[in-house]
Amino acid sequence: MNQWVYEGFAETFQKIGIQFDKTYYESNTYLLGKDMIEEGLARGVFYRAEDGSVWIDLEDVQLDKKLVLRSDGTSVYMTQDLGTADLKYQDFGLDKSIYVVGNEQDYHFQVLFAILKKLGRSYAEGLYHLSYGMVDLPSGKMKSREGTVVDADDLFNNMLEIARAKTEEVGKIEDLSEAEKAKLHHTIAIGALKYYLLKVEPKKRMLFNPEESVDFEGDAGPFIQYNYARIQSMLRKARQQSFAWEPPMYENYPVLQNSEIELIALLIQFPAKLQEAAQKYAPSLLAQYAYEIARAFSKFYNECRVLTAETEAARSFRLALSEKTAQILANIFSFLGIAMPEQM
Numbered sequence: 000m001n002q003w004v005y006e007g008f009a010e011t012f013q014k015i016g017i018q019f020d021k022t023y024y025e026s027n028t029y030l031l032g033k034d035m036i037e038e039g040l041a042r043g044v045f046y047r048a049e050d051g052s053v054w055i056d057l058e059d060v061q062l063d064k065k066l067v068l069r070s071d072g073t074s075v076y077m078t079q080d081l082g083t084a085d086l087k088y089q090d091f092g093l094d095k096s097i098y099v100v101g102n103e104q105d106y107h108f109q110v111l112f113a114i115l116k117k118l119g120r121s122y123a124e125g126l127y128h129l130s131y132g133m134v135d136l137p138s139g140k141m142k143s144r145e146g147t148v149v150d151a152d153d154l155f156n157n158m159l160e161i162a163r164a165k166t167e168e169v170g171k172i173e174d175l176s177e178a179e180k181a182k183l184h185h186t187i188a189i190g191a192l193k194y195y196l197l198k199v200e201p202k203k204r205m206l207f208n209p210e211e212s213v214d215f216e217g218d219a220g221p222f223i224q225y226n227y228a229r230i231q232s233m234l235r236k237a238r239q240q241s242f243a244w245e246p247p248m249y250e251n252y253p254v255l256q257n258s259e260i261e262l263i264a265l266l267i268q269f270p271a272k273l274q275e276a277a278q279k280y281a282p283s284l285l286a287q288y289a290y291e292i293a294r295a296f297s298k299f300y301n302e303c304r305v306l307t308a309e310t311e312a313a314r315s316f317r318l319a320l321s322e323k324t325a326q327i328l329a330n331i332f333s334f335l336g337i338a339m340p341e342q343m
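When we follow numbering that gives the first Met the number 0, the leftmost residue of the sequence shown carries the number 0, and every step to the right adds one.
Rather than coming from a laboratory, the hints here were simulated on the basis of the structure.
Virtual Cβ for every residue (Gly too), placed ideally from N, Cα, C.
Any given hint could be a false lead.
Stated by the list, open to error - Computed cross-link-like contacts, DSSO-like style, restricted to lysine-lysine with a CA-CA straight-line distance of at most 30 Å:
hint	residue 1	residue 2
1	116	202
2	182	236
3	203	116
4	180	14
5	298	165
6	202	14
7	87	33
8	279	202
9	14	116
10	236	65
11	64	202
12	165	64
13	117	14
14	279	323
15	182	14
16	180	236
17	21	116
18	279	116
19	87	182
20	203	95
21	203	236
22	33	14
23	14	298
24	14	171
25	180	165
26	21	180
27	165	65
28	171	202
29	14	65
30	298	272
31	202	95
32	203	21
33	298	236
To be verified - Here are the in silico distance ranges between beta carbons for each label pair:
hint	residue 1	residue 2	range
34	241	150	31 to 39 Å
35	206	76	24 to 32 Å
36	106	298	42 to 50 Å
37	311	101	17 to 25 Å
38	298	3	49 to 57 Å
39	177	277	38 to 46 Å
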């Protein structure tokens, strides 16, 4: 039964582009947690109640008393998480460990980190709970006990159908094979799903609308992917015409248009934006930055001729600027775990 479940998980994870380097099972960590509790009892970090259960008093750090081992000696979630934390450190010697878990477990992780600090674990200061808000659908809140949970595979298949319909509506992929179309639809669907979730600040509760997420014109993954694909199409045409676009020498720079200046001003922010997103544990900052770039490029593309620019220097400059825009968009989406299509 377990193997059947794991195979189903693996199929879904592969479909949405998620992979794990290592998986920890509770059966491998609860005994380690028990050893840590014995260690803590010997050092006075924990205390044993009259019924034999083991507790810790965290009132000195504005938390409550917490059970860490039942009276019959069986473990609780906290016991297992203590063991897992130690094992992860043994395996990776990590400086920072980020727990990506919903905000319903905020208190649990405050307690876990506090216990590890009291146990004197050197890695405890580097632990961080990336708490995220729950996701609702237009049909309402998902509740497993009431059977109103949406299956991940069903959600993705729905996204795939929307991506297929909207791509065909745009009608620019007639020259692709059926296999290439299927791959494109998959890329757009996954991009739409991930971007829609990641563009919202993690802590905020959000409403996910599948139809709204597959948008080729607004603040959505496909809009950004479309602008990337548009640049790739333009660069292919430039190569076919043997145009060169090495950045021109300073004295040959054309007089820049406002839309070019605005795009350049955004692009040079990439290192700072990336650092800020990492420091704040906020992928939403990168998602919104990608949208700002795509919107600025769309404006530039509509206002400035590229392949038919007024001068060779202007064409070369604009092609180089477009290529750099595509590179940065691809880098941002790579950090967000989203692929870029070469054609849309």
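Verification of the supplied hints:
no.: 1; hint: 116 x 202; verdict: holds, 25 Å
no.: 2; hint: 182 x 236; verdict: holds, 23 Å
no.: 3; hint: 203 x 116; verdict: holds, 28 Å
no.: 4; hint: 180 x 14; verdict: holds, 16 Å
no.: 5; hint: 298 x 165; verdict: holds, 23 Å
no.: 6; hint: 202 x 14; verdict: holds, 26 Å
no.: 7; hint: 87 x 33; verdict: holds, 16 Å
no.: 8; hint: 279 x 202; verdict: holds, 12 Å
no.: 9; hint: 14 x 116; verdict: violated, 39 Å
no.: 10; hint: 236 x 65; verdict: violated, 66 Å
no.: 11; hint: 64 x 202; verdict: holds, 26 Å
no.: 12; hint: 165 x 64; verdict: violated, 55 Å
no.: 13; hint: 117 x 14; verdict: violated, 42 Å
no.: 14; hint: 279 x 323; verdict: holds, 26 Å
no.: 15; hint: 182 x 14; verdict: holds, 12 Å
no.: 16; hint: 180 x 236; verdict: holds, 21 Å
no.: 17; hint: 21 x 116; verdict: holds, 25 Å
no.: 18; hint: 279 x 116; verdict: holds, 22 Å
no.: 19; hint: 87 x 182; verdict: violated, 36 Å
no.: 20; hint: 203 x 95; verdict: holds, 24 Å
no.: 21; hint: 203 x 236; verdict: violated, 43 Å
no.: 22; hint: 33 x 14; verdict: violated, 37 Å
no.: 23; hint: 14 x 298; verdict: violated, 34 Å
no.: 24; hint: 14 x 171; verdict: holds, 25 Å
no.: 25; hint: 180 x 165; verdict: holds, 12 Å
no.: 26; hint: 21 x 180; verdict: violated, 33 Å
no.: 27; hint: 165 x 65; verdict: violated, 52 Å
no.: 28; hint: 171 x 202; verdict: violated, 38 Å
no.: 29; hint: 14 x 65; verdict: violated, 40 Å
no.: 30; hint: 298 x 272; verdict: holds, 21 Å
no.: 31; hint: 202 x 95; verdict: holds, 20 Å
no.: 32; hint: 203 x 21; verdict: holds, 29 Å
no.: 33; hint: 298 x 236; verdict: holds, 20 Å
no.: 34; hint: 241 x 150: 31 to 39 Å; verdict: violated, 52 Å
no.: 35; hint: 206 x 76: 24 to 32 Å; verdict: holds, 30 Å
no.: 36; hint: 106 x 298: 42 to 50 Å; verdict: holds, 47 Å
no.: 37; hint: 311 x 101: 17 to 25 Å; verdict: violated, 56 Å
no.: 38; hint: 298 x 3: 49 to 57 Å; verdict: holds, 52 Å
no.: 39; hint: 177 x 277: 38 to 46 Å; verdict: holds, 40 Å
Of the hints listed earlier, those the structure fails to meet are numbers 9, 10, 12, 13, 19, 21, 22, 23, 26, 27, 28, 29, 34, 37, in rising order.
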